[in-house]
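Number of protein chains: 4
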Amino acid sequence: MVGLKDNQLRVGMIGYKFMGKAHSHAYRDLPFFFDAPLTPVLQALCGRDETAVKAAADRFGFASFETDWRRLLERDDIDLIDIGTPNHTHAEIVIAAAQAGKHILCEKPLAMNLQEAAAIWQAVQGRDLVHMLSHNYRFAPAIQFAKKLISEGRLGQIYHVRAAYLQDWIMDPAYPLVWRLQKEVSGSGALGDIASHILDLARFLVGEIASVCGMMETFIKERPIGEMAGNLQAVQGEGSGSVDVDDAVAFLARFENGALGVFEATRFAAGNRNKNKIEINGSLGSIRWDLENMNLLEVYFDQDEPGLQGFRTITVTEDIHPYSGHYWPAGHIIGYEHTFLNMLDELINGIADQRQVQPSFADGLRNQAVMEAVQRSTVTKSWVNIADLLQEVGVSLN
Amino acid sequence: MVGLKDNQLRVGMIGYKFMGKAHSHAYRDLPFFFDAPLTPVLQALCGRDETAVKAAADRFGFASFETDWRRLLERDDIDLIDIGTPNHTHAEIVIAAAQAGKHILCEKPLAMNLQEAAAIWQAVQGRDLVHMLSHNYRFAPAIQFAKKLISEGRLGQIYHVRAAYLQDWIMDPAYPLVWRLQKEVSGSGALGDIASHILDLARFLVGEIASVCGMMETFIKERPIGEMAGNLQAVQGEGSGSVDVDDAVAFLARFENGALGVFEATRFAAGNRNKNKIEINGSLGSIRWDLENMNLLEVYFDQDEPGLQGFRTITVTEDIHPYSGHYWPAGHIIGYEHTFLNMLDELINGIADQRQVQPSFADGLRNQAVMEAVQRSTVTKSWVNIADLLQEVGVSLN
Amino acid sequence: MVGLKDNQLRVGMIGYKFMGKAHSHAYRDLPFFFDAPLTPVLQALCGRDETAVKAAADRFGFASFETDWRRLLERDDIDLIDIGTPNHTHAEIVIAAAQAGKHILCEKPLAMNLQEAAAIWQAVQGRDLVHMLSHNYRFAPAIQFAKKLISEGRLGQIYHVRAAYLQDWIMDPAYPLVWRLQKEVSGSGALGDIASHILDLARFLVGEIASVCGMMETFIKERPIGEMAGNLQAVQGEGSGSVDVDDAVAFLARFENGALGVFEATRFAAGNRNKNKIEINGSLGSIRWDLENMNLLEVYFDQDEPGLQGFRTITVTEDIHPYSGHYWPAGHIIGYEHTFLNMLDELINGIADQRQVQPSFADGLRNQAVMEAVQRSTVTKSWVNIADLLQEVGVSLN
Amino acid sequence: MVGLKDNQLRVGMIGYKFMGKAHSHAYRDLPFFFDAPLTPVLQALCGRDETAVKAAADRFGFASFETDWRRLLERDDIDLIDIGTPNHTHAEIVIAAAQAGKHILCEKPLAMNLQEAAAIWQAVQGRDLVHMLSHNYRFAPAIQFAKKLISEGRLGQIYHVRAAYLQDWIMDPAYPLVWRLQKEVSGSGALGDIASHILDLARFLVGEIASVCGMMETFIKERPIGEMAGNLQAVQGEGSGSVDVDDAVAFLARFENGALGVFEATRFAAGNRNKNKIEINGSLGSIRWDLENMNLLEVYFDQDEPGLQGFRTITVTEDIHPYSGHYWPAGHIIGYEHTFLNMLDELINGIADQRQVQPSFADGLRNQAVMEAVQRSTVTKSWVNIADLLQEVGVSLN
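Protein chains in written order, with full-length UniProt numbering: chain B, 1 to 398; chain A, 1 to 398; chain X, 1 to 398; chain S, 1 to 398.
In short, the hints are calculated from the structure, not lab data.
Treat the hints with care, as some may be off.
Computed from the model, here is a short list of chain X residues facing chain B with C-beta under 10 Å [claimed, not checked]: (1) R154; (2) L297; (3) R312; (4) T315; (5) I320.
Below, computed lysine-lysine pairings styled on BS3-like, alpha-carbon distance capped at 25 Å [unchecked claim]: (6) A:K183 with A:K221; (7) X:K275 with S:K277; (8) S:K277 with B:K275; (9) S:K54 with B:K277; (10) B:K275 with A:K277; (11) S:K275 with X:K275; (12) A:K275 with B:K277; (13) S:K5 with S:K221; (14) X:K275 with A:K277; (15) A:K275 with X:K277; (16) X:K381 with S:K381; (17) X:K277 with S:K277; (18) S:K275 with B:K275; (19) B:K183 with B:K17; (20) X:K275 with A:K275; (21) B:K277 with B:K148; (22) A:K277 with B:K277; (23) A:K381 with A:K221.
Some chain X residues judged to face chain A by a derived CB distance under 7 Å, without partners named [unchecked claim]: (24) H25; (25) F32; (26) F34; (27) R273; (28) A330; (29) H332; (30) I334; (31) Y336; (32) E346; (33) G350; (34) V393.
In this text the structure is predicted, and so the values were computed from the model without any measurement.
Ideal Cβ positions, reconstructed from N, Cα and C, are used throughout, including at glycine.
I would like the entire structure built from these sequences, with the hints used as guidance.
Structural data, given as structure tokens:
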């Protein structure tokens, strides 16, 4: 492991948009709630636009800034590289950071495609560093609690997973051609951006996916160029351009343990601002969760007394629940941003303990394999085995 | 059309289990709420077991009974044949009833397979009779209201349909091998029994399905023989037998109008007694509905005032809503059984007006084609076009 | 008890508006679902307007009609008098019916005031007849199930009852001055019409109320005359008239067992068509119920495993639940009208068994005493003891 | 106003338990999300126990600590005094802080009784300082949005307010006699602690309360001494002691504008960890809100199209909603702690702009008058006018 000075974890962050804000906040806020073994220090923020990165560094509280990420990696006062740039940059940066011996936190999806993900994964093998993929929703207390219940066998054998991530932010045809809508920058659309979250949750809670069959669609195929929308940078220029990523994706899955999965992700579900929901049914019970009410977990136990069986709505905010004791008394809810605090606590403890954490780049690789399989199955209009794809790229994960 | 005596519609019903009860009740209760042009008369109930059918006839209020359905068809005091027997008997009875010139109401699914469905459909062509498939959920006021909104273009272009029918009544491995779990009697399991309902709802609300790709699973493959469970007759005998139908099914669909569909039906979703739910997203809005709260419809309009956009929970019980004026004042809910009353009102008006009603056997045929496609796609592990299957059986529906 | 012919219970009904429809339907529909020891026969319907009552008798299925209720009471082919007329007629009719030795079912509220209620109660004392007050909501399966849980001590010592009956049907100032808005016909407004329901539910579930303190308000004090609105007859004439009953009422209550009650009933809660809801908190658990989702009961048990405590949403439609086995399989909901069927089943069994049923006129008297106390407390602006009021009218109920 | 150095607002905080944590966090986190005109600086934390206050100062990030609040007030490097100590200390500290010319933020309830509240209010009159009462729930975005709707007349004339604050944290009889259960420290129980929140919300949204009538109860009258429970310090000693505050309180209210209010607060509502909910009905619409789902606001508009009327569930997380633009994209929820950030933003802007903010100590005084009226009405068992009480203490607020 890298040497850590004065029980500090000095962070070099690349990218300062939505995820840059979320991560920066989490590093700053973490010590208030957690007695982490290392104190995160916002050492340097990196971005190409000097004016913008300097302003962001001031706003987020970074001690310095860089305009070249290679320069950042060379600095010996940086312990952890946190990558929140668009997807097409992940591989190059992650591999270089690994070679530089830095700990790495990378935004999801890990890569543009499976080939890249495999290269990333290879790059971190055998190195003395901790790597983590930023699937923050794993760290909602309700999800961690669901994981505990499932691990303890409280739901029995899992039969079903159904998950959907529904958004509606690009339904207006006038919404511009931002980078998330361009394949060469994002790799895919709803698939990598939001389907990746629900398949990661499903893998976390239920286990590995064996095979998938999917469909993808682009409802609005041409969009205007030249405008900025929120914190998502649009292509510069005039006129309109083609959307070459998926607006929506759905796929069927078979898990290695025999469970059936039904997944759907879309940016065209009017009225759903950010509905990330998952249901799991097992032989002994079920759970239901929804990000928009993320403090609640619905749990059903088949062995409850006859007549009194029903989904329990649990407000997962008690000291007995995962992570909840760090925050507020029962019934005083936390929000979206706290998923990042919980995730960083895990990362920092992993770094301090010199142990690998989850979700790691192995998870990123597996997630990418599923996504690649979904894309291929859309083309071949048939099922694709995940193991075959991993073999193609020469990876043996078990 | 058959001659109708004294503004009566004389019903001969075959089968007297769950659906026999539901239909019988609806005929009896209908005149109280509706000013139907014909009065249904429970003329004769038919079943093979004389003792049982006689008792059921008494209980349901039939004037007579028969033990041979062929004898029932010969009676000239019967205007409408209502068929609620297990699926493997539908084709023979429906075709004979059509030849006898009776109006016909048949339980879903229409047939054991597409071949049979096509034969049934052929049998009613060119005859002076009204045929209806008993997809009662179309007649929930909230569904009728959703249909109206969609037809008026209030949701715009439809992008997404997601529907699930979740039950949990056979999760106990000790639950016996009833007829619904035997392919030679039922044709399929969750597919024909409950997936048929959600695909019928989807077709009703959104339009025709062009192609599908699905998966099916049987989680418990062997079950005990010899016990009765509720009103579902188990195979007689000792020991155990094989379950050769699907416990669960899921499929992706592409609609002719470009919408994407995600469908799932299972009898293994612990905690879901009868959760039949459907969501539809369009360019201008969305709807959500759930049978267990069937009086509610959630509606979202994209063009609501900014800041005030949200799903409206509408209690579909006002006089202005479909069918609701026949029952109780606003906020006084109706239940499951009323879907049958509404359906029969449509049937009886169709008979009186000498017009074909919906869902007809054409719907049954189309539904069956989708189900057949799902089954085939499960075997071939690839997508199947509905039009190809209809062509195979020589049917041109457009 | 009166002699009952041929296991029939011959019903003479007075009044044929909303409650006439609800009761008529229930008598007709009852034998289909219940094996009641007596078969209800719709013998005669009574109303002053010959044309209207004749039409209603035809529509509801009564064998005959009367235009004078005294004449109805004289008929010896009537076993049960069912009274659904406006409130100001209850006392005279009930007392005469008691003197005629008929069984009696009377709509709520029992009387115009406590004096009348006491007279009614006296009139049925010592007579060989069964009397019932039509508080149908007691017979929602979820309420019966809640009663069972509370009776078994599953909620422990009861600390709190909070109940509200919220409607919005007269919010439009143009809504006419129907009889329910005139004190000389109705006795009170929201108090007798809907607050009576929630206080009856509370008494049923928790026990007797010792004292109350309330407030009442009339928001719209003048309304147009001369129009009919739905099935509620407006005053005949021109111009406008005064509303002299309460649009809204709220009161605090102390129960004899130490529980605290908070009650509110209003016809001015925009968006609430018919929200009759009650929550009860005890030392071991809680329940919540809402008429608009009447098949659901939310139950909380304090002794559930730590971390897994939460309200269970129970779909009270299983065979194991009260009354549910008479209807449909689990998850197939019933509606408003079924509360009347369940209530009539209790009444008919009581008549057959020669035992008094509940809610009886003793309940009506107690409810009326609470309502009278609320009215007085509104005037005196202080608390009123129920026992004092009962003593005033010379009634000792314990 | 006090002179502010370098655009800093130097905070001296007294008390470091639950509210100390919540406020400290908010000061620290505020600059990340808001461009406040002053930067809060955690200058000094004050508490009597040197070891404990030092540890808390370290944990919360204060630059120094004090063990005597009088000493804190003397320091000229403190601009704002933030008081989070038990209620019986508020008056003395606030008055001294006012005399010292500090800006003041005080936890609710403002005082032990009306007399004290009036003295506090007098103490801040005519001084060049900003005072605020920490009713943080006013600053939930959904509440601010509701306020906007009501102020714009979107709900019309307000008829009804019903609010309840339900908790269950002291239901176990073994829960110790913490300070919140002792009258000499807390002044009252559920009344001052949680009823104060809902009456403050009601006053904020609907206007002033004219008169009230209430009841209070202590269900468990004796509790063990000597244990610590969470962050609430128990009386030191052995054996048990008397609970002399209310476990539960309920009251009726009449607002000056004619609206009716029904309020209830209890710590004995099993299953309700922190259910602070409020509903408001007006002539044109209604709103519903619940702290446990604090990002949602349900809104009903009477003038929505017939048939499409229903409560809209709005996820109040869009840039267009109050405060939401400071945080995350739509559908990414915030939590309990953010109500404090929003509140502090208002306070800091008020200090910077030299304008008084709300809720001020005038609100504290009015809230206290209502609470005093509730207590008196419980004793006199009759209604109490708020204006009379304010006159008693010589305050004229209009």
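Okay, the hints, checked on the actual structure:
1. R154: Hint on R154 (chain X): holds, closest Cβ of chain B at ~9 Å, below 10 Å.
2. L297: 8 Å, holds
3. R312: 4 Å, holds
4. T315: 7 Å, holds
5. I320: 4 Å, holds
6. A:K183 with A:K221: 13 Å, holds
7. X:K275 with S:K277: 17 Å, holds
8. S:K277 with B:K275: Status holds; Cα separation ~24 Å.
9. S:K54 with B:K277: 44 Å, violated
10. B:K275 with A:K277: 17 Å, holds
11. S:K275 with X:K275: 20 Å, holds
12. A:K275 with B:K277: 17 Å, holds
13. S:K5 with S:K221: 51 Å, violated
14. X:K275 with A:K277: It holds: about 24 Å lies between the C-alpha atoms, which stays within 25 Å.
15. A:K275 with X:K277: Holds, at about 24 Å.
16. X:K381 with S:K381: 9 Å, holds
17. X:K277 with S:K277: Judged against 25 Å, a Cα distance of about 15 Å means the pair holds.
18. S:K275 with B:K275: At roughly 23 Å apart (the allowed maximum being 25 Å), K275 (chain B) and K275 (chain S) satisfy the hint.
19. B:K183 with B:K17: Answer holds: K183 (chain B) to K17 (chain B) is near 19 Å, not above 25 Å.
20. X:K275 with A:K275: With a Cα-Cα distance of about 23 Å, the restraint between K275 (chain X) and K275 (chain A) holds, given a limit of 25 Å.
21. B:K277 with B:K148: This hinted pair holds, its Cα atoms lying about 18 Å apart.
22. A:K277 with B:K277: Holds, at about 15 Å.
23. A:K381 with A:K221: 21 Å, holds
24. H25: Check passed: Cβ of H25 (chain X) comes within 6 Å of chain A, closer than 7 Å.
25. F32: Since chain A brings a Cβ to about 6 Å from F32 (chain X), closer than 7 Å, the hint holds.
26. F34: For F34 (chain X), the interface hint is violated, since the closest Cβ of chain A sits about 11 Å away, which is over 7 Å.
27. R273: 3 Å, holds
28. A330: Because about 4 Å separates A330 (chain X) from the closest Cβ in chain A, which is inside the 7 Å limit, the hint holds.
29. H332: This interface hint holds because 4 Å falls under the 7 Å limit.
30. I334: Cβ of I334 (chain X) sits 4 Å from chain A, so the hint holds.
31. Y336: 4 Å, holds
32. E346: 20 Å, violated
33. G350: 23 Å, violated
34. V393: 34 Å, violated
Consistency note: the structure conflicts with the earlier hints numbered 9, 13, 26, 32, 33, 34.
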